[in-house]
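Chain by chain, the residues run as shown.
There are 2 protein chains.
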Amino acid sequence: MEIEKKRVAVIKLNDLCLQVFDKLGIPVAEARIITEVLLAADLRGVDSHGIARLGFYANGLRTGVMKPHVDPVVVSETTVTALIDAGGGMGHPVSYRAMQMAIAKAVQHGLGLVTVRNSNHFGIAGYYAMMALESGCIGMTMTNSAIFVVPTFARNAMLGTNPIAVAAPAGKERPYVLDMATSIIPFGKVETYDRLGKPLPLGWATDETGRSTQDAARVIKNAERGKKPEGGLLPVGGEGELMGGHKGYGLGLLVDVLCGVLPGALYSDQVYPHDEAGHALPSGIGHIFGAIRVDAFRPLAEFKASMDDLQQRLKNAPRAEGAHLHPRREGVRGSRET
Amino acid sequence: MEIEKKRVAVIKLNDLCLQVFDKLGIPVAEARIITEVLLAADLRGVDSHGIARLGFYANGLRTGVMKPHVDPVVVSETTVTALIDAGGGMGHPVSYRAMQMAIAKAVQHGLGLVTVRNSNHFGIAGYYAMMALESGCIGMTMTNSAIFVVPTFARNAMLGTNPIAVAAPAGKERPYVLDMATSIIPFGKVETYDRLGKPLPLGWATDETGRSTQDAARVIKNAERGKKPEGGLLPVGGEGELMGGHKGYGLGLLVDVLCGVLPGALYSDQVYPHDEAGHALPSGIGHIFGAIRVDAFRPLAEFKASMDDLQQRLKNAPRAEGAHLHPRREGVRGSRET
Chain A
291 MEIEKKRVAV IKLNDLCLQV FDKLGIPVAE ARIITEVLLA ADLRGVDSHG IARLGFYANG
351 LRTGVMKPHV DPVVVSETTV TALIDAGGGM GHPVSYRAMQ MAIAKAVQHG LGLVTVRNSN
411 HFGIAGYYAM MALESGCIGM TMTNSAIFVV PTFARNAMLG TNPIAVAAPA GKERPYVLDM
471 ATSIIPFGKV ETYDRLGKPL PLGWATDETG RSTQDAARVI KNAERGKKPE GGLLPVGGEG
531 ELMGGHKGYG LGLLVDVLCG VLPGALYSDQ VYPHDEAGHA LPSGIGHIFG AIRVDAFRPL
591 AEFKASMDDL QQRLKNAPRA EGAHLHPRRE GVRGSRET
Chain B
291 MEIEKKRVAV IKLNDLCLQV FDKLGIPVAE ARIITEVLLA ADLRGVDSHG IARLGFYANG
351 LRTGVMKPHV DPVVVSETTV TALIDAGGGM GHPVSYRAMQ MAIAKAVQHG LGLVTVRNSN
411 HFGIAGYYAM MALESGCIGM TMTNSAIFVV PTFARNAMLG TNPIAVAAPA GKERPYVLDM
471 ATSIIPFGKV ETYDRLGKPL PLGWATDETG RSTQDAARVI KNAERGKKPE GGLLPVGGEG
531 ELMGGHKGYG LGLLVDVLCG VLPGALYSDQ VYPHDEAGHA LPSGIGHIFG AIRVDAFRPL
591 AEFKASMDDL QQRLKNAPRA EGAHLHPRRE GVRGSRET
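Residue numbers (the numbering used here), protein chains in the order written: chain A, 291 to 628; chain B, 291 to 628.
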């Protein structure tokens with residue numbers, strides 16, 4: 291009964307999305323991909339990247355920052371690599387196609403790596419990484435994004451939450467899926483704390499002085515679009531170097547190198563630019579999609595058996611005293627929220 | 291004068307290493323590679339992975355856990371991938387060769403990815419990633435390693451410090467080099483605190499209950515080789531999920547999937563096994579080496595110019611109030627110590 295209710299809700303949301311995207315001028319084949327990616331986020335429990343984002347996309351389409359239909363151009367291609375220019379279109383359809391290309395190259399040659407420039411927000415990174423699983427491949431996806439993250443020892447945000455997603459197939463166990471922002475928390479969590487009137491834990495975000503703050507409203511105000519952001523979210527590992535914050539910063543920067551610099555997209559504080567009147571211009575962000583065919587290295591069945599064994603070792607490991615797992619976080623998974 | 295002194299010291303250390311490795315039965319060509327990698331660590335300031343490790347290697351060679359000379363076997367190969375069995379030999383020469391293969395494949399086809407199994411400790415990961423730079427490639431290296439790291443919410447170490455290294459070329463600026471353990475700190479830092487009699491900062495390591503501890507001696511005792519380790523180092527992001535510790539855990543696990551499971555090496559608590567009498571057996575660890583040829587995506591000169599610009603943006607960004615950089619950590623670099 292619970293499952294039936296959920297099924298009906300998903301069908302209704304699916305239809306709603308398709309209608310909205312149709313009104314916004316998006317061709318039905320592309321609308322189906324966008325909808326699929328958004329609903330996958332909700333079904334995985336990553337509410338911040340699901341259909342709650344419809345308004346964000348609708349706004350981008352209305353202001354012309356996102357184009358409703360573009361034929362992406364393959365700028366360059368080798369047997370195992372490609373660069374695609376997304377022409378400022380929606381991020382999801384071009385990303386779906388780029389990941390398909392990476393997988394096809396990996397199936398044929400062992401590896402595939404496709405970068406995309408001139409794109410837009412593509413939903414959850416994990417969706418694309420997981421596309422590789424059914425082809426017996428390890429999938430990898432990264433994207434740069436709107437700047438919210440403060441480099442270690444810096445005062446202002448200079449990087450996006452720049453997620454890294456990797457998926458690897460398993461046998462009886464669920465696949466390994468890592469889908470993590472390189473910041474401690476997504477920006478949406480600051481907004482949630484603000485709505486609830488709760489103080490932020492120290493170490494999540496900084497104010498305009500560059501020091502850790504508990505004031506969610508201030509962090510939101512300092513990050514307003516259309517002006518230079520002040521303060522922002524801290525990278526994984528937190529403030530300074532004591533708990534490894536410089537490593538989270540290094541990882542976020544890696545994503546900017548691979549998604550911004552490598553495809554010739556915008557990077558660092560160039561992304562999501564505004565004109566002099568404060569109007570938003572196309573975001574200019576980039577992505578990278580990779581696939582590794584497992585049996586180029588080792589028979590897939592053996593790999594899957596080892597993945598099962600690895601997961602069982604971790605699941606059966608004794609728990610720390612006082613530790614209580616969130617049920618959705620049971621097992622070997624990384625963050626559920628980018 | 292200072293430089294001349296340093297040059298003489300390096301030459302002396304170089305000769306010392308070559309003599310030691312000669313006595314231990316390592317052929318000179320391989321001894322040269324090992325020495326080069328060890329000295330590179332010292333010259334980069336990563337003392338924990340430099341010639342201070344001579345004793346560790348000598349011990350491994352004397353007990354037969356590391357073999358002084360092995361001809362590694364290429365088990366499988368495609369245009370862009372390869373799997374090498376290191377046969378229990380020293381980690382450095384096979385890693386040097388594997389990275390050379392990855393680079394040669396990338397130069398010819400755009401990408402190269404080579405995994406190694408049945409290997410040993412290879413020194414600093416960053417050395418191999420940086421080998422890609424002079425060929426206009428982005429280099430990537432990971433390895434799994436002796437288990438010291440406690441998964442989020444677990445009581446005992448189940449993963450190595452599993453470093454990730456990536457290097458990308460720049461123009462006038464120094465290359466981007468990330469070389470980071472996926473734990474907050476390397477185990478050597480616990481030993482340093484113990485020697486100095488200093489309490490560990492809470493959040494770096496756990497004791498046998500799985501709770502954060504300040505007692506360095508206890509952490510060392512609990513990690514003694516030849517028995518099941520209890521407690522251990524915490525992943526980047528620290529204890530629990532509050533500061534993103536589950537993300538550090540997810541990254542460490544990623545390294546185990548790519549270096550342990552993919553090449554068919556040992557993984558998780560299988561590595562560095564002991565026989566029933568408590569004698570060390572070959573470590574059985576694995577590595578991965580990747581190269582991406584930049585101009586498969588974008589002209590190298592353009593990429594380098596953007597890397598310079600990215601670094602300058604970060605270096606010129608206003609500093610947080612009260613932040614003082616360690617001079618060796620100036621700029622965009624990640625951790626200097628794995």
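Rather than coming from a laboratory, the hints here were simulated on the basis of the structure. Hints may contain errors.
If several chains are the same, the list does not tell them apart, and a pair holds so long as it fits within one copy or across any two.
Stated by the list, open to error - Capping the alpha-carbon separation at 25 Å, the derived lysine to aspartate or glutamate pairs in DMTMM-like fashion look like this: (1) 296 - 332; (2) 479 - 531; (3) 605 - 497; (4) 462 - 585.
Now the hints, each set against the structure:
no., hint, verdict
1, 296 - 332, "within (11 Å within a copy, 59 Å between copies)"
2, 479 - 531, "both (23 Å within a copy, 14 Å between copies)"
3, 605 - 497, "between (39 Å within a copy, 20 Å between copies)"
4, 462 - 585, "within (18 Å within a copy, 41 Å between copies)"
The earlier numbered hints are all upheld by this structure, with none contradicted.
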